[in-house]
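A.B. asks: Sequence:
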Amino acid sequence: MSYIEVPGARVPIRMWTDPASVDEGALRQLQNTATLPWIKGLAVMPDVHYGKGATVGSVIAMKDAVCPAAVGVDIGCGMSAVKTSLTANDLPGDLSRLRSKIEQAIPVGAGMHREALDPGRLYGFPAKALDGLWERFDYLADAVKFRRERAGRQLGTLGQGNHFAEVCVDTSDSVWLMLHSGSRNIGKELADHHIGVAQRLPHNQNLVDRDLAVFIAETPQMAAYRNDLFWAQEYAKFNRAIMMSLLKEVVRREFRKAKVAFEPEISCHHNYVAEERYDGMDLLVTRKGAIRAGGGEYGIIPGSMGAGSYIVKGLGNEKSFNSASHGAGRKMSRAAAKRAFSTRDLEAQTKGVECRKDSGVIDEIPGAYKSIEHVIEQQTDLVEVVAKLKQVICVKG
1 MSYIEVPGAR VPIRMWTDPA SVDEGALRQL QNTATLPWIK GLAVMPDVHY GKGATVGSVI
61 AMKDAVCPAA VGVDIGCGMS AVKTSLTAND LPGDLSRLRS KIEQAIPVGA GMHREALDPG
121 RLYGFPAKAL DGLWERFDYL ADAVKFRRER AGRQLGTLGQ GNHFAEVCVD TSDSVWLMLH
181 SGSRNIGKEL ADHHIGVAQR LPHNQNLVDR DLAVFIAETP QMAAYRNDLF WAQEYAKFNR
241 AIMMSLLKEV VRREFRKAKV AFEPEISCHH NYVAEERYDG MDLLVTRKGA IRAGGGEYGI
301 IPGSMGAGSY IVKGLGNEKS FNSASHGAGR KMSRAAAKRA FSTRDLEAQT KGVECRKDSG
361 VIDEIPGAYK SIEHVIEQQT DLVEVVAKLK QVICVKG
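Numbered as in the working numbering, the sequence shown ends at 397 without a single skipped number.
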């Protein structure tokens, strides 16, 4: 489908979904976003739903301003995927051992490594890759300076919620490795700090929604935020890269005889800010729950823990600011999902997937999410499908 345009105060709201299907809270957030004085465009992806501070599934283009809540508290959250030389026939009938090995290698939930990992010991990871990241740590906000050791030990860890590490099989029976994570606790603390700073600035006092407080160009507050934002985005990128190295090593050891080979990694943020140019203007484009889908650029759009996921290639649609959805999108809050479903429902909806099936992950049940197939159908002018994957192992925190 193409987009449907809904009137907004300063810019029209381009929606790649039926506006009638969007919940009232999300619509109100989008209308509030369209009132911002600095806004130049607002695109809404088909996985749109209400979010903390700003709408998940929104792409906001602003001139000389950026809204930290429109990035979200998990700065740089995103996806990585790698196609392997294994096929479905190489996988054992019982996948519990492989799942256990993955959980041993990658800390999940609130877990972290006993000590920071040595990049030189990681499979396929450049030994000096992290040097620049840690050299810049001392230039972050004072509010997080005491987190240096914790940030080091959390690098290469999954987290919880909708974050996951998976083994998948595509429609040609090729095995893929996939994971979803972000900037862990350090990213959240940086986001919380800067959102608080923005909300206290004089130019934000008369906004219709205080959560939409912005930083404006050529101010020390904007400079500080950009410094910390781009650092956290890089931390998130390395977090996924390290986990993928750990995941590859598990697979190499478990399938030694197969001599597993790996294709180049596909990786994309979906909570981030990028400097991009549209209609002759240099803009700051914030994607919260959206990936970049420039012409020929690869992206990843996952479903829930019991549904398929898609590898896509962007079509470069500038009406969406070269963007596409970041996943299926929730149709039910976590609290509502816990009330509506039982562990028996979870077992039924994740049949055939080696994964947790206990009460701790009921809020991630497939029934709490929109249909990933329908979400893909709604953005055929934004991306083309390259591969469809189905998870056989899903590790969650």
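The hints are simulated quantities; they were obtained by calculation from the structure and are not laboratory data. For clarity, every value in this text was computed on a predicted model and none was experimentally measured. Please note that a few of the clues may not be correct.
When the alpha-carbon atoms are kept at most 20 Å apart in a straight line, the in silico PhoX-like pairs for lysine-lysine are as follows [as the list claims (entries may be wrong)]:
1) 237 - 248
2) 248 - 357
3) 145 - 101
4) 259 - 101
Pairwise CB distance ranges, derived in the manner of DEER restraints [unchecked claim]:
5) 256 - 35: 51 to 61 Å
6) 360 - 24: 27 to 37 Å
7) 351 - 280: 23 to 33 Å
8) 351 - 173: 13 to 23 Å
9) 279 - 23: 41 to 51 Å
10) 35 - 258: 21 to 31 Å
11) 142 - 35: 30 to 40 Å
12) 24 - 129: 18 to 28 Å
13) 351 - 200: 23 to 33 Å
Idealized CB from N, CA, C, for every residue including glycine.
A.B. asks: Quick check: does the Cβ-Cβ distance between residue 35 and residue 258 fall within 21 to 31 Å?
C.D. replies: 57 Å, violated
A.B. asks: Keeping to a limit of 20 Å between CA atoms, is the pair of residue 259 and residue 101 held or broken?
C.D. replies: Holds. Residue 259 to residue 101 sits at ~18 Å (cutoff 20 Å).
A.B. asks: Does the structure keep residue 237 and residue 248 at a Cα separation of 20 Å or less?
C.D. replies: 17 Å, holds
A.B. asks: Is the gap between the beta carbons of residue 351 and residue 173 within 13 to 23 Å?
C.D. replies: 20 Å, holds
A.B. asks: Is the distance from the Cβ of residue 142 to the Cβ of residue 35 consistent with 30 to 40 Å?
C.D. replies: Since residue 142 and residue 35 have Cβ atoms about 33 Å apart, the given range 30 to 40 Å holds.
A.B. asks: Is it true that residue 279 and residue 23 lie within 41 to 51 Å of each other by Cβ?
C.D. replies: For residue 279 and residue 23 the Cβ distance comes to about 31 Å; the hint is violated.
A.B. asks: Confirm or reject the claim that residue 24 and residue 129 have a C-beta distance inside 18 to 28 Å.
C.D. replies: 45 Å, violated
A.B. asks: That 23 to 33 Å hint for residue 351 and residue 280 (C-beta), does it hold up?
C.D. replies: Cβ of residue 351 to Cβ of residue 280: about 53 Å, so the range 23 to 33 Å is violated.
A.B. asks: Would you mind confirming whether the straight-line C-alpha gap from residue 248 to residue 357 stays at or under 20 Å?
C.D. replies: The given pair, whose Cα atoms are some 25 Å apart, is violated under the 20 Å limit.
A.B. asks: Is 23 to 33 Å a correct range for the gap between the Cβ atoms of residue 351 and residue 200?
C.D. replies: 51 Å, violated
A.B. asks: Mind checking the hinted window 51 to 61 Å against the Cβ distance between residue 256 and residue 35?
C.D. replies: 59 Å Cβ-Cβ, so the 51 to 61 Å window holds.
A.B. asks: Can the restraint linking residue 145 and residue 101 be considered satisfied, given a maximum Cα separation of 20 Å?
C.D. replies: 34 Å, violated
In terms of the numbered hints stated before, the structure departs from hints 2, 3, 7, 9, 10, 12, 13, listed from lowest to highest.
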